[in-house]
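Chains A and B, in that order, give the protein sequences.
Numbering (my numbering) for the first sequence: 1 to 557.
Numbering (my numbering) for the second sequence: 558 to 868.
FYI, nobody ran anything at the bench for these hints, they're computed from the structure.
Note that this is a predicted model, so its numbers are computed, not measured.
Be aware that one or more of the hints could be misleading.
Derived CB-CB ranges, DEER-like [what the hints assert, rightly or not]:
#, chain 1, residue 1, chain 2, residue 2, range
1, B, Gly-808, A, Ile-49, 44 to 54 Å
2, B, Ser-626, A, Leu-429, 35 to 45 Å
3, A, Gly-536, B, Val-632, 18 to 28 Å
4, B, Ser-643, A, Gly-219, 54 to 64 Å
5, A, Ala-545, B, Ser-643, 20 to 30 Å
6, B, Ile-657, A, Ile-527, 27 to 37 Å
7, A, Phe-292, B, Val-836, 48 to 58 Å
By construction, the Cβ of each residue, glycine as well, lies at the ideal position given by its N, Cα and C atoms.
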Amino acid sequence: MTSATFPSSEPKPSWTRYFSFNTDAKVIGIQYIVLSFFYFLIGGLLAMIIRGELITPAADLVDRTVYNGIYTMHGTIMLFLFIFPVLNGLNNLLIPTMIGAPDMAFPRLNAVAFWLVPIFGTLLIASFFVPGGPAYSGWWSYPPVSLQNPLGNLLSGQGLWITAVALSGVSSIMGAVNFVTTIIRMRAPGMTWFRMPVFCWTALAAQSLQLIGLPALTGGAVMLLFDLIAGTSFYRPEGGGDPVLYQHFFWFYSHPAVYVIILPVFGVFSELFPVYARKPLFGYVYVALASFIIVGLGLIVWVHHMFPSGVAQWMRNLFMVTTMLIAVPTGVKVFAWLGTLWRGKLRLTTPMLFCLGGLFNFVFAGITGIMLATVPVDIHVSNTYFVVGHFHYVIYGAAVMGVFAAIYHWFPKFTGRMPYEGLGKVHFLLTFVGANLNFLPMHPAGLMGMPRRVSSYDPEFAFWNVLASLGAFLLGVSIIPFLLNMVSSWVRGPKATHNPWNAIGLEWLLPSPPAEDNFGEHVPTVIARPYGYGLGQPLVENQAAIERELTLQEATP
Amino acid sequence: MTSSTPRLRPLPLLGLALWVGLLVLVSVWMSRQAYHWLPVQASTAAPLVDGLFSFETGVGTFVFLGVISVMIWVVLMHRAEKYDASDAEPIEGNTKLEVIWTAIPLVLVMGIAVYAIQVNTRLGVLGPMEHIHPGNAVEEVGGYPGDRLPPETVEVIARQWSWEFRYPAAGVSSTELHLAIDQPVTFRLVSDDVIHGFYIPAFRLKQDVVPGTAIDFNLTPTREGRYRLRDSQFSGTWFAANQADVVVEAGDAHAAWLKQAAAQPLQSGISDAVQEYAVRDRKSNPGWATVPPAPPPQVNVPGSNTLPHDA
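The following block holds chain A by itself, in its conformation from the complex:
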């Protein structure tokens, strides 16, 4: 299907390729996204149980041990099995098509990285069924709690948890090597750094963070596993180990991990606002470079998670200042998006609504983030629901909304079908209202002094928890229109043209869905910056001819 003049002789690719060791990045991308939503539903179900327990002050829905296992698995699944895989899915779909590469640099490594996800996912879910239940020490797994292993078996939920997290690290490192190499080495002719779409800039920044940070977590996790099953005492105080050392290993990666999550979402915002405001991205160069300033600063803020752990005063002050500085490059991005929207011609499509809602939530999260950065306030609210509210605003309010925006926006490109707008808008409304109702009340509860991770609480916190639980149940419902939309539009939605949103970018010069090798031999030469909305310049050489051919192809049944 590379040319309109010759009828295609290749058979239509079978759906079974999605269940095989396929090396096509577009197949792997969809594998990642679909699998991650499977885990999203499990993680979401666990969240419903958590909020069900917390709708009353007493621990009355499930046993405390069960609650602790469930909240631990909720966090772990949502981070390691949902948000990272879903973003890697977007990377797989978008990086090669946006830079005009036929595939990723190392297609087999790419497939291995993906297939590790169901392997460690199964390990993690299997821990529900081992004697003693799953890990229960939170997604941080701080020792010594995580080393207590009540039953004393070699095979424990905690052991499976650590193994799964280490494997997740291996998978992510493989992915990062691939994404970084692909972006550096495989760009289309003419696509200089400052002609590269911002999504690729943010992906490069985020994946560089993975390469620098993940080895620390993986090494830290291996030592934790040895402490748990082999009797070493890297972190056991009674053997001369230091439990706080683990916290450094953990946060050295796990704080930058937040930027690994949010940077590609900034990329999505930067791609979508120009399309739906019909204007160039305001200050493209600054937005592109800001990602790398965030990378540099993001690597030197991790101690802000440990202010109450017993950190010297000068270190508290230093890490407070570095943390606050991140507001500057982030502010540059937020203002650039506002500048893009200003005097634009806005189209409030589903992806645009998700971007606007995500930006709204992100600005709120940024302000509570500054509050958390300042040591005296952090001392009071750290490990309270204020923090839980803050990061759910970041992760769900901004990142997951950005992911939904990306899915609605690029769905036609990779499935060849249009998603339904009505269902999409219902999904947006339920998500936006549900997320705010769920996560806003967590802030007052935290300010009043309600610790996180509790299975019961004092009655004065009940009011805010009832609101949060209602919001959570609404969020639970909000996923239904999304799933309906995805399944029904993929099966029988209207056929998509190559560029249904009238967007500028190499991926929109490919048929929907693109051929296995994308542009194949005919990679167009890029001659302009991205986002040339309203400038009337072509993005690539012979753009008119390429588009004419695609339109012709679409007209022939």
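Starting from the known structure of chain A, arrange chain B on it as the hints suggest.
Just chain B now, with coordinates in the frame of chain A:
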């Protein structure tokens, strides 16, 4: 549709000024409200922390509303007309604006940082200056200069899942923390098992209690009442139930309490976990595995953790 950029005409400028003025008023109002979102102030640290939080709430409200105003404005005023498929005027950027909106957040956050460092320093002078003694907590003696030594030292022992407070000078132990108002106190925080968090929301202070280390922690209570001490670092099954009450009382009442307590025989202190564990053990399907709770500490005064508390 306008084709040329309208340059700061007086009427829009006036509207903008009015709007900014309104946002400032709302922000000031929010910064006052912020005090009501926090528990009562019961230590010397509390007013300092609350002042910073109130300031941040004010600044944050202004920034948030400013950004959201722009978003709402563009959504209302800059929507494409139906069937208008054309592009907007291509504005690619503005270096002057970029410099301004890099500088403003920089100045703002550095201003907040300076304020926070000042509060931090004052907090250090007033009380919570930790002294960490690595090594064996039991063998450690003294550790800080005598001139900074507050009159009362309380040893806090955190366990899975109970809090024990020892007053070495008076020879008293309790599972309810009693403190004299306006009297600086030093806590020596130790843990028998895992990391716990020593957190009294009304005092706005929190310190992790790390096994293998004794941490000295100072504070001064300033308001009489009954407050909650909560474990703030996840410590296992009964983490949520690991709470104790803190009673701040007048100096003579405190002395009387210590005297009376010293006369009491040792008895089992409060441990909700031990009670729940006994009930749980009788169930046919008790749930997943747990570490058994430590036996209740033997203390002179168990106290209570069910009376109404101020915060």
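Evaluated hints:
For Gly-808/B paired with Ile-49/A, a C-beta distance near 49 Å keeps the hint of 44 to 54 Å intact. Look at Ser-626/B against Leu-429/A: about 22 Å separates their beta carbons, and that is not inside 35 to 45 Å. A C-beta distance of roughly 27 Å is found between Gly-536/A and Val-632/B, which places it inside the suggested range of 18 to 28 Å. In this structure, Ser-643/B and Gly-219/A meet the distance hint of 54 to 64 Å, their C-beta atoms being roughly 55 Å apart.
Look at Ala-545/A against Ser-643/B: about 23 Å separates their beta carbons, and that is inside 20 to 30 Å. Ile-657/B and Ile-527/A have their C-beta atoms about 32 Å apart, which keeps the hinted 27 to 37 Å range intact. Under the hint 48 to 58 Å, the C-beta atoms of Phe-292/A and Val-836/B, about 57 Å apart, fit the expected range.
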